[in-house]
Every structure is written in structure tokens, then in C-alpha cells.
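Put the complex together from the two separate chains, hints included.
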Amino acid sequence: DTEVTQTPKHLVMGMTNKKSLKCEQHMGHRAMYWYKQKAKKPPELMFVYSYEKLSINESVPSRFSPECPNSSLLNLHLHALQPEDSALYLCASSQDGQMGRGKGNTEAFFGQGTRLTVV
Amino acid sequence: LAKTTQPISMDSYEGQEVNITCSHNNIATNDYITWYQQFPSQGPRFIIQGYKTKVTNEVASLFIPADRKSSTLSLPRVSLSDTAVYYCLVGAINTGTASKLTFGTGTRLQVTL
Numbered sequence: 001d002t003e004v005t006q007t008p009k010h011l012v013m014g015m016t017n018k019k020s021l022k023c024e025q026h027m028g029h030r031a032m033y034w035y036k037q038k039a040k041k042p043p044e045l046m047f048v049y050s051y052e053k054l055s056i057n058e059s060v061p062s063r064f065s066p067e068c069p070n071s072s073l074l075n076l077h078l079h080a081l082q083p084e085d086s087a088l089y090l091c092a093s094s095q096d097g098q099m100g101r102g103k104g105n106t107e108a109f110f111g112q113g114t115r116l117t118v119v
Numbered sequence: 001l002a003k004t005t006q007p008i009s010m011d012s013y014e015g016q017e018v019n020i021t022c023s024h025n026n027i028a029t030n031d032y033i034t035w036y037q038q039f040p041s042q043g044p045r046f047i048i049q050g051y052k053t054k055v056t057n058e059v060a061s062l063f064i065p066a067d068r069k070s071s072t073l074s075l076p077r078v079s080l081s082d083t084a085v086y087y088c089l090v091g092a093i094n095t096g097t098a099s100k101l102t103f104g105t106g107t108r109l110q111v112t113l
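Protein chains in written order, with my numbering: chain A, 1 to 119; chain B, 1 to 113.
For reference, chain B alone in the conformation it holds in the complex (with noise of 0.2 Å):
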């Protein structure tokens, strides 16, 4: 399984954008980027998933560069609402075996007026 590296914690401004970037050098060709929301004492949330370049939803983007050795989930003009641990976990898909999604340490973010 790829490792992943995120900054422990993030500060904004409520309005702004955030980046919150992954490092997983030791990706593998079937491994897709997943990133989860958790706020405390809540199960974490499926924000967006993706394999390679751009991948945009209603509450997200993220970007993927050609090597797929880091990827940034982006969050456009952030709201305190957004105060959470944010996830990044990379995976393999249709491997015939349950998934193992291992979480890393996950960033912090903390918005503020």
C-alpha cells in the first residue's frame, strides 16, 4: 500500500481557498487518490476520488500531476463549517479482495473569521 504525507494542520480564513496537499511517491499503477472529511466523533465522509489530472464536484477539486506521486485537494472559499480533519488515502481498485483503506495522519484544518 502507498504511504501517504500530509501536513498535520492547515489555518485559513473563512472565504478563502484551501490546498491541502498529499505526498505518495510509492503510488502503484491501480491505485486511485481518495480523500475523507471528519469532523469529531463523526465517521469520515467521502469528499472526491480520483486517477489522474482533474477532478472536480460540488464541494471539491483535485488535481493529480502526470507522475501521480502527490496530488492537492483544493476547497473553494472555505467556510468555519469546513473545520475538520481532512484524509488522503491511496488504494486499489477491482483487486478482487476487499479494499484496504488505510488512513494516514490526516491534516487538520482550522478556519477562522
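Extracted from the complex, chain A is given alone in its bound form (with noise of 0.2 Å):
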């Protein structure tokens, strides 16, 4: 199974609503990620766990709060949004380096994205 899965496909918000993204993958990875694409733009890394700990926040705004509840999933909680966070978010998840044990790999597995749209 290689394969990452992200709930749901299309999400439609107000900006007053609390939703949360979902991803999921079983290929026993221990990096997660959250990217922010908008459109004819490249992914824009947003945050990074590692290990179930998150290890990279690229500052960003608190209305987004990602959650990793176990190595298998990730959560992205969406609070309070403007109409500019409107974007594809995708997941990904990668075999990391391996804390010493060996070489990692840099090769990331996406979901199929998130299209999020906030009126």
C-alpha cells in the first residue's frame, strides 16, 4: 500500500465554520506533511512531524492547527479562515531519516489534495 489518503476531496467553508482535514497513510513512514498550493503556484510547505512531534512550523497562522494523533494520521484543524486560504492542501509522508540508522529517503508519497474553499 502506497498510498496516502486525504479526507474530503472538497470542502466548502464559512469563514466563521471549524472544519478539519484528514490524512491517512499505513506505509509505516514517520514524517508527515501539510503543503498549501494555490493555484500555478508550486506547494508551499506549511508544517512537518516527525516522529508523531511536530518539527517544522513555517510560521504558519494559528488558524491552522495541525494535529498528529498516531504515526498513521494527520490532522489539519481550520479555524476562523479568510477567503485568501481558498487553496489545494496536501499531505505527504516520506520514510525519514532514519535517526542513525541508516540513510533516509527524500522520496515523498502525496495524497491527492484537499480543495478548500472558503466564502
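One should not assume that every hint holds.
[To be verified] Listed next, the in silico DSSO-like pairs over lysine-lysine satisfying Cα-Cα at most 30 Å (straight line):
hint, chain 1, residue 1, chain 2, residue 2
1, B, K3, A, K41
2, A, K19, A, K53
3, B, K100, B, K52
4, A, K19, B, K3
5, A, K40, B, K69
6, B, K100, B, K3
7, A, K9, B, K100
8, A, K41, B, K52
9, B, K69, B, K52
10, A, K38, B, K100
11, B, K69, A, K9
12, B, K3, A, K18
13, B, K100, A, K53
14, A, K22, A, K41
15, A, K53, A, K38
16, B, K69, A, K19
17, A, K18, A, K53
18, B, K100, A, K22
19, A, K40, B, K3
20, A, K53, B, K3
21, B, K3, A, K38
22, B, K54, B, K69
23, B, K54, B, K100
24, A, K40, B, K100
25, A, K9, A, K19
No lab work stands behind these hints, which were simulated from the structure alone.
Predicted model only: the values in this text are computed from it and were never measured.
In C-alpha cells form, the structure reads like this:
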């Protein structure tokens, strides 16, 4: 199973709503990522989790709140978003550098994304 | 992190070989070079990865000169379905922390008949 599954595929939410994006992988990967991608732009890194701990936060506004409940799941909680937050949100996972146990691999597997529209 | 520079767009006819070059002048000793392909409204997909010289798999080849300051992704005999954006990423592995996979601007490849 080399799949990263994201739900929902599409989401429309109001600026006062609270919603969550979900991401799941069963490849045993210990690094998981959230990216945001606007139309015709490259994916922008938001957060990185390594071994269920937040290791990178790219100065993302607090209205985006990541959570990694276990090694297979990654959530992105959304609250009080703005219309400019509308984008494709991508989740990815990778077999990260193994904490000294051998060479890691920067091959990342991406989900199909959640198309978020904030109205 | 090494910054990458790629052409913004390229055009090709079906059946031709396409070479996309990426510049990464400040690549570090530990860095690997990885290429991803992305279709509209889909997540990027891994194509190939290499450290030096030449790597080949079933879909592409990757050429890396000795100084590693650039790399070239070669797609043999492209078809219409190869129309996509191609990203070159440079990053370290085995750092003990999660890899910071940062995408550059990418190259938009348009294949026509």
C-alpha cells in the first residue's frame, strides 16, 4: 500500500466555521507533511511532523492547527479562515532519516489533496 | 537548503525526448536531487532521485555532472499524458529530522501532437 489518503476531497466552509482535514497513510512512514498550493504555484510547506512531533512550522497563522494523533494519521484543524486561504491542501509522508539507523530517503508520497474554498 | 532554478515552461511534440535542466549552485554534500511530476488538481508524484552521475528508471533518466551544480531530467519519447509540471527538489537525507521538502517554481511541460 503506497497510498496517502486525504479526506474530504472538496470542502466549502464559511469564515466562522471550524473544520478539519484528514490524512492517513499505512506505509510506516514517520514523517508527515502539510502543504498549501494555490493555482499555478508550487506547493508551499506548512508543517512537518517527525515521529508524531511537530518539527517544522513554516510560520503558519494560528487559524491552521495541525495534529498528529498517531503515526498513521495527520489532521489539519481549520478555524476562522479567510477567503485567501482557499487552495489545494496536500498531505505527504516519507520514510524519514532513520535517526542514525541508516540512510533515509527524501521520496515523499502525496495524497490527492483537499480542495478548500472559504466563502 | 539549496535553491533550485528551472525554466518556467517548455513545449514539445509527442514522441520527442525532453530534457529539463535544474540549477542548484549551492547544493550541499549530503543533498540528493529529486524530481516530481504534478498533474492539475493532483498531488506531486515521485519520478526519480539521484546523487551523482546517471540514474535511470522505467520512466526517466537523471543526469548529474561531477560538480552536481545542475541536473537534467530526461523524458524519452514524451506523450500527451506527460503534460504536467515538473519540480526539481534538492535536500539532505539522514539528517535525523524530517526532510524539509521545498518546491521550486517548477517547469510546465506542454506536449502537443
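These are the hints, each one checked on the structure:
no. : hint             : verdict
1   : K3/B <-> K41/A   : holds (16 Å)
2   : K19/A <-> K53/A  : holds (22 Å)
3   : K100/B <-> K52/B : holds (21 Å)
4   : K19/A <-> K3/B   : violated (35 Å)
5   : K40/A <-> K69/B  : holds (27 Å)
6   : K100/B <-> K3/B  : holds (12 Å)
7   : K9/A <-> K100/B  : holds (25 Å)
8   : K41/A <-> K52/B  : holds (29 Å)
9   : K69/B <-> K52/B  : holds (10 Å)
10  : K38/A <-> K100/B : holds (19 Å)
11  : K69/B <-> K9/A   : violated (39 Å)
12  : K3/B <-> K18/A   : violated (36 Å)
13  : K100/B <-> K53/A : holds (14 Å)
14  : K22/A <-> K41/A  : holds (23 Å)
15  : K53/A <-> K38/A  : holds (27 Å)
16  : K69/B <-> K19/A  : violated (44 Å)
17  : K18/A <-> K53/A  : holds (23 Å)
18  : K100/B <-> K22/A : holds (21 Å)
19  : K40/A <-> K3/B   : holds (19 Å)
20  : K53/A <-> K3/B   : holds (27 Å)
21  : K3/B <-> K38/A   : holds (20 Å)
22  : K54/B <-> K69/B  : holds (14 Å)
23  : K54/B <-> K100/B : holds (24 Å)
24  : K40/A <-> K100/B : holds (21 Å)
25  : K9/A <-> K19/A   : holds (13 Å)
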